[in-house]
Amino acid sequence: MANAETQKVDSILSSRRAMLVLGGTALAGLAFAGKAQAQSTINDSDILNFALNLEYLEAQYYTLATTGKTIDQVGIGITSGSGAAGGTVTVKSNPMVPFVSTVIAGYAAETAGEEQKHVSFLRSALGMSAVAMPNIDLLNSFAALGTLIGVPGFDPFASDLNFLLGSYIFEDVGVTAYHGAAALLTTPAYLDAAAGIMAVEAYHAGLVRTVLYGMDAATPSAGINGLATKISGVRATLDGTAASTPDDVGLGTVSVALNGSSANQTAATVVNADANALAFARTTTQVLAIVYASASGTPGGFFPAGLNGTIK
Amino acid sequence: MDKLDLLIKNAVSRRTFLSGAGTAAAVTLIAGCGGGSTPAPTTTPTPTTTPTPPAITDADILNFALNLEYLEAEFYLRAATGTGLSSTDAGGSSAGSVTGGTQVSFPTAALQQYAVEIAQDELDHVRFLRKALGSAAVPRPTIDLTNSFNGLASAAGIGSTFNPFADSNSFLVGAFVFEDVGVTAYHGAATLLTNKTYLTAAAGILAVEAYHAAEIRSLIYGLSVSSGVSTYLTDANKVSAVRAALGGGNETQITGMNIVACAPTTAIAYDRTTDEVLHIVYATGAGVVTKGGFFPKGLNGTITATAS
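Listed in order, the protein sequences are those of chains A and B. Following our numbering, the numbering of the first sequence begins with 1 at its first residue and continues without gaps. Following our numbering, the numbering of the second sequence begins with 1 at its first residue and continues without gaps.
Keep in mind the hints are simulated off the structure, nothing from the lab. All C-beta atoms in this analysis are idealised placements derived from N, C-alpha and C, irrespective of residue type, glycine included. Among the clues, some could well be false.
Said to hold, decoys possible - In the SDA-like style, the derived pairs of lysine to any residue whose C-alpha atoms are separated by at most 25 Å in a straight line are: (1) A:K92 x A:D44; (2) B:K291 x B:G256; (3) B:K196 x A:A158; (4) B:K131 x A:A257; (5) B:K196 x A:T310; (6) B:K131 x A:N264; (7) B:K297 x B:A286; (8) B:K238 x B:T252; (9) B:K196 x A:P246; (10) A:K230 x A:A158; (11) A:K69 x A:A84; (12) B:K196 x A:D192; (13) A:K312 x A:A158; (14) A:K69 x B:G287; (15) A:K69 x B:K196; (16) B:K196 x A:I311.
Said to hold, decoys possible - Computed beta-carbon distance windows for the label pairs: (17) B:T146 x A:S221: 36 to 46 Å; (18) B:S308 x A:A217: 22 to 32 Å; (19) A:K69 x B:T290: 26 to 36 Å; (20) A:A217 x B:G228: 15 to 25 Å; (21) A:T187 x B:S308: 56 to 66 Å; (22) B:A263 x A:T187: 17 to 27 Å; (23) B:N258 x A:V100: 20 to 30 Å; (24) A:D72 x B:T146: 47 to 57 Å; (25) A:G260 x B:T302: 46 to 56 Å; (26) B:T234 x A:V100: 23 to 33 Å; (27) B:A263 x A:A144: 29 to 39 Å; (28) A:G150 x B:A263: 33 to 43 Å.
Can you build the whole structure from these sequences, using the hints too?
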């Protein structure tokens with residue numbers, strides 16, 4: 001229990017820390033108000049724009065995987081609210097995944113549609129404040145990440161399995177990003193929307209993790225759970241939690257005590273959550289470290305020129 | 001009492017204090033600020049307005065959620081082990097009884113592991129909420145896992161009886177009854193919570209319920225494809241239709257392109273009011289309802305009856 005207790009405190013502290021990180025400049029401004037120091041506070045639009053950057057990334061990935069087209073080619077806006085041009089997408093030629101399973105192809109198409117709607121919803125909510133799509137890299141990013149998990153040159157568009165692993169990379173991160181943002185939003189309507197988008201990202205994550213777990217159970221020799229667990233490990237390393245209390249659970253089994261009415265039983269780890277069965281939350285700094293593939297938060301990875309907006 | 005619980009307790013009492021005694025507090029504050037220079041009031045003001053009903057506190061909302069977690073924990077624990085919550089986890093001697101629920105025989109290790117995982121998650125949610133609420137935590141209400149499912153099956157047109165513990169496929173349909181509802185309940189509660197720590201915790205549980213919901217929905221769909229038998233998929237969608245009728249719509253039927261339950265235009269998950277959730281778990285439609293379905297004696301706590 002001491003451990004669970006510690007984790008609970010940690011999670012509260014980290015959410016506090018998130019507020020301090022995001023509101024750091026504002027707090028400093030308050031402290032030195034007498035000196036008339038310049039202030040720049042993080043507002044709801046900044047947070048929604050941060051989310052919009054992530055949704056651009058997810059929507060491009062799924063749309064390219066299912067149609068071979070970028071989201072602007074299927075009618076989704078990528079310019080800023082005031083008309084600034086959107087960025088570029090670096091991806092292999094003919095990225096449409098040669099799906100073998102019609103079931104997985106269906107899941108992919110569903111997810112593509114939902115991520116597109118998240119982009120459109122956030123752009124609509126932000127109006128003139130919406131940022132343009134930043135430059136996105138879906139080629140070198142995955143290849144570099146592949147090296148870290150022992151699959152050099154990893155191509156998420158090559159097969160059903162690779163596509164699911166590519167999805168795995170994004171979905172849990174989306175959950176933790178929206179979870180971390182929830183307590184920062186001040187407008188109830190935005191909070192409600194963000195909680196609803198977070199839930200959909202968790203549905204996506206649950207879907208991908210269930211399918212991968214099932215594939216591993218059917219073909220244990222393929223090492224699918226092991227690859228997913230390595231991805232979780234990379235994320236926890238990038239966001240700085242791997243050495244202490246990792247905020248990412250891979251795919252596999254754990255022994256649980258349940259209600260103590262029987263011997264310990266074996267549980268799957270489909271859900272990515274802490275010892276209290278609460279999903280993890282990440283600060284914007286931690287999310288940036290992951291999507292930049294840089295523990296120090298230097299632009300790179302999926303966003304070679306960084307995010308657009310205030311939080312980058 | 002550890003430091004965290006103290007912190008949470010203080011937050012609860014502060015919220016209760018603010019909502020329940022706001023006027024008194026304001027008066028005290030003014031008097032205190034005025035110090036000795038403020039003349040003592042010579043008349044006692046008479047209230048001229050009808051007192052407003054007590055505001056719903058964060059503790060009320062967390063207790064509402066705790067009732068739902070008791071239900072889910074009992075369902076999954078009994079399916080996984082044949083035994084429900086311990087007396088300690090259920091709130092001791094004041095806990096209500098539980099009818100029904102037996103260990104399910106799962107045909108594969110993976111299916112067993114999914115059930116065990118969700119059982120542990122829901123048990124953890126019960127324990128987390130009970131700890132956060134401390135002495136304010138309500139005990140487990142009386143829960144019915146037999147007649148409730150039979151009634152639901154009848155209303156859904158599945159049959160006159162339905163035993164979700166009969167086999168693995170039936171278990172998935174039984175699990176489906178709960179998970180999407182959990183998502184909509186926590187989503188609806190998010191903007192009602194005033195304490196940021198509670199909000200973050202509730203959002204974390206919301207996400208976990210959504211993981212579960214996707215897991216159950218994708219297993220039901222995948223099963224229908226791999227077995228070529230769509231009976232259980234059809235049954236789940238009949239359950240979805242009943243929930244929609246009772247709980248203000250807010251449903252997405254399972255198809256190969258609809259694993260996620262969300263609003264079709266925005267892809268944002270649905271939310272439900274506490275009234276809509278109560279109508280579903282009480283298995284009773286419009287009107288003032290205080291009990292029924294899974295909770296034959298009603299929920300414990302403040303939020304127990306529908307307004308209409």
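Against the structure, the hints:
no.	hint	result
1	A:K92 x A:D44	35 Å, violated
2	B:K291 x B:G256	36 Å, violated
3	B:K196 x A:A158	43 Å, violated
4	B:K131 x A:A257	19 Å, holds
5	B:K196 x A:T310	23 Å, holds
6	B:K131 x A:N264	23 Å, holds
7	B:K297 x B:A286	18 Å, holds
8	B:K238 x B:T252	11 Å, holds
9	B:K196 x A:P246	23 Å, holds
10	A:K230 x A:A158	19 Å, holds
11	A:K69 x A:A84	21 Å, holds
12	B:K196 x A:D192	14 Å, holds
13	A:K312 x A:A158	31 Å, violated
14	A:K69 x B:G287	51 Å, violated
15	A:K69 x B:K196	41 Å, violated
16	B:K196 x A:I311	21 Å, holds
17	B:T146 x A:S221: 36 to 46 Å	43 Å, holds
18	B:S308 x A:A217: 22 to 32 Å	47 Å, violated
19	A:K69 x B:T290: 26 to 36 Å	54 Å, violated
20	A:A217 x B:G228: 15 to 25 Å	20 Å, holds
21	A:T187 x B:S308: 56 to 66 Å	29 Å, violated
22	B:A263 x A:T187: 17 to 27 Å	19 Å, holds
23	B:N258 x A:V100: 20 to 30 Å	22 Å, holds
24	A:D72 x B:T146: 47 to 57 Å	55 Å, holds
25	A:G260 x B:T302: 46 to 56 Å	31 Å, violated
26	B:T234 x A:V100: 23 to 33 Å	27 Å, holds
27	B:A263 x A:A144: 29 to 39 Å	36 Å, holds
28	A:G150 x B:A263: 33 to 43 Å	40 Å, holds
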